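Grab the two chains, each in its own frame, and use the hints to assemble them into the complex.
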Amino acid sequence: DVKVTQSSRYLVKRTGEKVFLECVQDMDHENMFWYRQDPGLGLRLIYFSYDVKMKEKGDIPEGYSVSREKKERFSLILESASTNQTSMYLCASSPRTGVFTEAFFGQGTRLTVV
Amino acid sequence: GENVEQHPSTLSVQEGDSAVIKCTYSDSASNYFPWYKQELGKGPQLIIDIRSNVGEKKDQRIAVTLNKTAKHFSLHITETQPEDSAVYFCAASIGAGKSTFGDGTTLTVKP
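These protein sequence lines map, in sequence, to chains F and W. Its first residue numbered -1, the first sequence is counted upward by one per residue in this note's numbering. Its first residue numbered 133, the second sequence is counted upward by one per residue in this note's numbering.
Excised from the complex, chain W in its bound form (with noise of 0.2 Å):
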């Protein structure tokens, strides 16, 4: 089955600088890649999401980036503010919705 390694666990960074999160993903069938976050006491919720067939999306300070062949694909927050901090999970999807996540990787911005 898929495998979806996620680097690093934990991430401080001081308000303003970027933060990137990096997967790895190990089944090449895989062809959807969701980034969700999760705040304290709430459930994951998505942020952006990547499709195989586009190598980069933006959506104003969040862009993920997919490297297909390499088998990786990576989280970047610009302009980091303290309401960035969350933990945030990849995820790698084959199809119907099911996908399989990374162990998550814990974002602190520091004001």
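Chain F extracted, bound-state conformation (with noise of 0.2 Å):
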């Protein structure tokens, strides 16, 4: 089974720390995306990345950026955490294998920020 796992389930920070988010994947896959997801909202996306050392901006990149060093792991940055940052973040991945391909998600994390 593809395994999808972030780092942390919850966070709490404070206000203008500069917060990591990390993601790893075990199945190779090629593609790696960062969602936001707000009660009402559904998943917004904010970054992803099809290679790595590439990425590119999703609907609402404004106050992250992210680091994909590695192909397995994908890390969503916070620069100067802000109290609108508290949201759930959703990692997921899915393979390079055409139009079709799903979405594999991690379990979460909880960030809050005071």
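Since the hints were made in silico from the structure, they are not lab data. Given the structure is predicted, the values throughout are model-derived calculations rather than measurements. We put the CB at the ideal spot given by N, CA and C, even for glycine. Be careful, since some hints might not be right.
What the hints assert, rightly or not - Selected chain F positions facing chain W (in silico; Cβ < 10 Å):
no. : residue
1   : Arg7
2   : Ala90
3   : Ser92
4   : Phe98
What the hints assert, rightly or not - Not close to chain W: a few residues of chain F, all C-beta gaps over 10 Å, as computed:
no. : residue
5   : Lys11
6   : Val17
7   : Phe18
8   : Asp24
9   : Leu43
10  : Asp57
11  : Ser63
12  : Ser65
13  : Arg66
14  : Lys68
15  : Lys69
16  : Ile75
17  : Ser80
18  : Gln83
19  : Glu100
Shown next as structure tokens:
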């Protein structure tokens, strides 16, 4: 089974802190994604990556950056955390086998910024 | 960009009844439509998907229909069970695994 592992289930950080959310997948997938999940707003794409050292902005990239130094690892960085970044963050991966590819999600990281 | 609308936002049914969740999309180039189920404390997991060259797909108690002309697709769950209670997301994808998600439907199946 594909496994996508997010390093933390719960995080509490202070306003202004630099925050790292880590994600590792074990199935050699080319594509990796970071989504933010808020009640009533579904899943919104923050950033995605199709290959090592590649990244592309999603729909809500402001206030975030990403890093993909190795194929299996995709990190989301909050340069200066703010209270409006309190949310559930979901990492996902998918194989680059064409158009029809499902995404495999991690269990999520619930981040609270105080 | 793509816009996906999902209805209803909440749905409550009696055990054994059917549940239907509907989604519309805006970009006619979308050609892959997955449905995900998210249980409490877990990430979303694919339950069924449909490609744009198919009108209907069924997997046991779950079926999905797609109307490309009208740009809408639906999830049908028959003989619902309490373990079907979860949040369901529809999504539309043009390619490379990048999907636009609906806002989610919270399904509650009452015993």
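Quick rundown of the hints versus the structure:
1. Given hint, Arg7(F) at the interface with chain W, holds; its Cβ is 8 Å from that chain's nearest Cβ, closer than 10 Å.
2. At about 8 Å, the closest approach between the beta carbon of Ala90(F) and any beta carbon in chain W falls short of 10 Å, and the interface hint on this residue holds.
3. The closest approach between the C-beta of Ser92(F) and any C-beta of chain W is roughly 3 Å, which is under the 10 Å cut-off, so the hint is satisfied.
4. Because the smallest distance between the Cβ of Phe98(F) and any Cβ of chain W comes to about 5 Å, under 10 Å, the interface hint for this residue holds.
5. Non-interface status of Lys11(F) relative to chain W is upheld: no Cβ of that chain comes within 10 Å, the nearest being about 21 Å off.
6. No Cβ of chain W approaches the Cβ of Val17(F) within 10 Å, the least distance being about 19 Å, so the stated non-interface status holds.
7. For Phe18(F), the non-interface assignment is confirmed: its Cβ lies about 19 Å from the closest Cβ of chain W, beyond the 10 Å cut-off.
8. At the 10 Å boundary, the C-beta of Asp24(F) stays outside the reach of chain W, the nearest C-beta of that chain being 15 Å off.
9. With a least CB separation of 7 Å from chain W, Leu43(F) falls inside the 10 Å interface cut-off, contrary to its annotation.
10. Not every CB of chain W lies more than 10 Å from the CB of Asp57(F), the least distance being 7 Å, so the non-interface label is violated.
11. Remark: the non-interface label on Ser63(F) is consistent with the geometry, its nearest Cβ contact in chain W lying 18 Å away (cut-off 10 Å).
12. No beta-carbon of chain W is positioned within 10 Å of the beta-carbon of Ser65(F); the least distance is around 19 Å.
13. Once the 10 Å rule is applied to beta carbons, Arg66(F) is consistent with being away from chain W; the minimum gap is 15 Å.
14. Listed as outside the interface, Lys68(F) is consistent with that label: its C-beta sits roughly 19 Å from the nearest C-beta of chain W, beyond the 10 Å cut-off.
15. Non-interface call for Lys69(F) relative to chain W: holds, since the shortest CB-CB distance, roughly 15 Å, exceeds 10 Å.
16. Every C-beta of chain W lies more than 10 Å from that of Ile75(F), the closest at about 20 Å, which supports listing it as non-interface.
17. Distance check on Ser80(F): its Cβ is at least 23 Å (rounded) from any Cβ of chain W, clearing the 10 Å threshold; non-interface status holds.
18. For Gln83(F), the shortest C-beta to C-beta distance to chain W comes to about 19 Å, beyond the 10 Å cut-off, and the non-interface label holds.
19. Listed as a non-interface residue, Glu100(F) fails to keep its Cβ farther than 10 Å from every Cβ of chain W; the least gap is roughly 4 Å.
Hints 9, 10, 19 from the earlier list are contradicted by this structure; the remaining hints agree with it.
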